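Please arrange chain B on chain A, whose structure you already have, making use of the hints.
First to last, the protein sequences are chains A and B. Residue numbering for the first sequence follows the working numbering, starting at 1 and increasing by one per position. Residue numbering for the second sequence follows the working numbering, starting at 1001 and increasing by one per position.
Mixed in with the good hints there might be a few duds.
Claimed, not checked - Simulated coverage check for chain B against chain A, where a stretch passes if three residues somewhere in it have a Cβ under 8 Å from a Cβ of chain A:
#	segment
1	1159-1171
2	1231-1238
3	1254-1268
4	1292-1301
5	1320-1333
What the hints assert, rightly or not - From the structure, some residues in chain A lie toward chain B, with a derived Cβ separation under 7 Å:
#	residue
6	L63
7	D122
8	Y126
In case anyone wonders, no lab produced these hints; they're calculated from the structure. In this text the structure is predicted, and so the values were computed from the model without any measurement. Idealized CB from N, CA, C, for every residue including glycine.
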Amino acid sequence: MKKSLLLSLFVAAIIMSGCSKKSVELEAPGTQEGAQQVSEVNEGEGIRAVGGMEEGMSEEEKLRRMKAIEAEAKKIYFDFDKYNIRPDQEPRVDYDARLFNREDAKEFKIKVEGNCDEWGTDEYNYALGLKRAKSVKEALAARGVDPNRMSIISYGESNPVCTEHTKECWAKNRRVEFELMP
Amino acid sequence: MRKLLLSLFLFFPLFASDLTLEIVKDVGNRPKIAIEDGSSGIDPKLSAKFFKLLVGDLEVTAHFDVNDTRNMAQFEEPLSITRYRLADYLLRYQLFYDDFGKLNVRARCFDLRSQEPILDKIYRISQKERYPFLAHKIIYDLNKALRFEDVSFLKSFVIFSKYTKPKHADIYISDYTLTYQKRVVSGGLNLFPKWANEEQTAFYYTAMEDRPTLYRVDIYKGTRSKITSSEGMLVCSDVSQDGSKLLLTMAPDAQPDIYIYDLLTKKARRVTRYGGIDVNGNFVENESKVVFVSDRLGYPTIFAKRIGSRAVERVVYHGRNNNSCSAHGDYVVYSSRETDNAFGKNVFNLYLTSTTSDYIRRLTANGVNIFPRFSKDGETILFIKEIGRQTGLGVIRLKYNKTYIYPLYTGKIQSIDW
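Next up, chain A with everything else stripped away, as it sits in the complex (with noise of 0.2 Å):
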């Protein structure tokens, strides 16, 4: 049974390869290729999709919006060597906190980003910027802010927006601001 089986695979692949061989040779000679004639298949094409907010805005439109809420955004000020929210910063949450959760924002994803002045020394002053950053992240969520949509980081020293050695340029320096990602 077994024998007579391989027997007749062996046949059959003899005659298959046979086949094969034999339509080569027919198409080899190739002569008539530019007479044959070449049909354009348009079906399909040009079909567009209607509705859904997301896909008709071009990423380039969607990062300039996200750039423009970022800017909106207010930045909170903290005390030397603290990283409570002081009262006169609590409006300026409520505001991030409106402004976050506006139709148009809710999409974008939050980094808060801690940042501390010069007066501190390394490991320690990265901790400060992300209790600070810890802070505003709770508060932002105590205000209806999705916890889910928001992440953390601290940049210690390292992101000052003023390099003068003033106090007013280290009140500045001591803040947490906000990036937002698609």
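The following block gives chain B in isolation, referenced to the frame of chain A:
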């Protein structure tokens, strides 16, 4: 130029307030040494810098009373005893390029009493830029030949991160004077470099990517491997003696705490649990305890915790703001802010204390003194000093009550390890 020379070897007498640290040698007892430069056909700037490095190295050993006059001489000329009547030793050297274009230095040191050479060697280096290591090696060898206490710290590499622009910092490897610098990590914000082993063949650092990520770099293979990452912040603040465990500050829930990370199992174990700030962990007492900076009292100061226990003990009972520390054995050096001025200049001094005694010693007297780091043998401390707009590199020789300050022109240093 004069300013530079003046500030180069400026030293501050320290406070010998505690006699538990033995004062080995007094200034009057140190042997006097003079130096002769016999170089010819060498760039005068290089030659002058090399001389300064030799003087600095001799000074910082604290074993010599150095005459810093640059005496010129022919290398092979006979010794002039009368010229150096007050000196005990004469170090004569000659910088030259060999036939292969490599920088060489021939160094010979004489005992002026016996007129016998103590050291007679030729040193060579393949890249001219690394010339500081030639000077450090000569003084290391001379110190060894005279059987003075070990000064291996002269040959140590320093690794540091330097801010280049907002959110950008590069990592450099340098000699201990920061004269030779080679950039090893660039692009983005690269922070907190820490040597991975005593041999200084690898280091850890944090790259501030989407999430802060800890990498290990092998400096001779030029390879980089990822260790771990954490949300918020991630810093390697200490490495165990055998190199198998790291003390990390991580903030997985935006809460900075100290963890021990086992490199074999790749698992992190939490050491501190506190809702405020716990950072800057350092092993002490044979790695049974960790000292760290915490704001448990409402301001940062130094605490210790036995690994695996719940109790936390206060290490420092002095100062209103002690926000950085480094440890060696049972000793802890910390930076303390002496003033609490949000709107003006602040003074940060360095103090030395121990987890096993009430011993406390002030190491600096003025300016902003930060990033204290022990040498491998724990007898020397490297730190950064800022006075006004000037920045300096400080070296404290603990046993000798001596501090040496070198001017620095490197920009703002983020973190440093030795």
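Hints, verified against the model:
1. 1159-1171: holds (count 5)
2. 1231-1238: holds (count 5)
3. 1254-1268: holds (count 3)
4. 1292-1301: holds (count 3)
5. 1320-1333: holds (count 3)
6. L63: 18 Å, violated
7. D122: 5 Å, holds
8. Y126: 5 Å, holds
When each numbered hint is compared with the structure, a violation occurs for hint 6 only.
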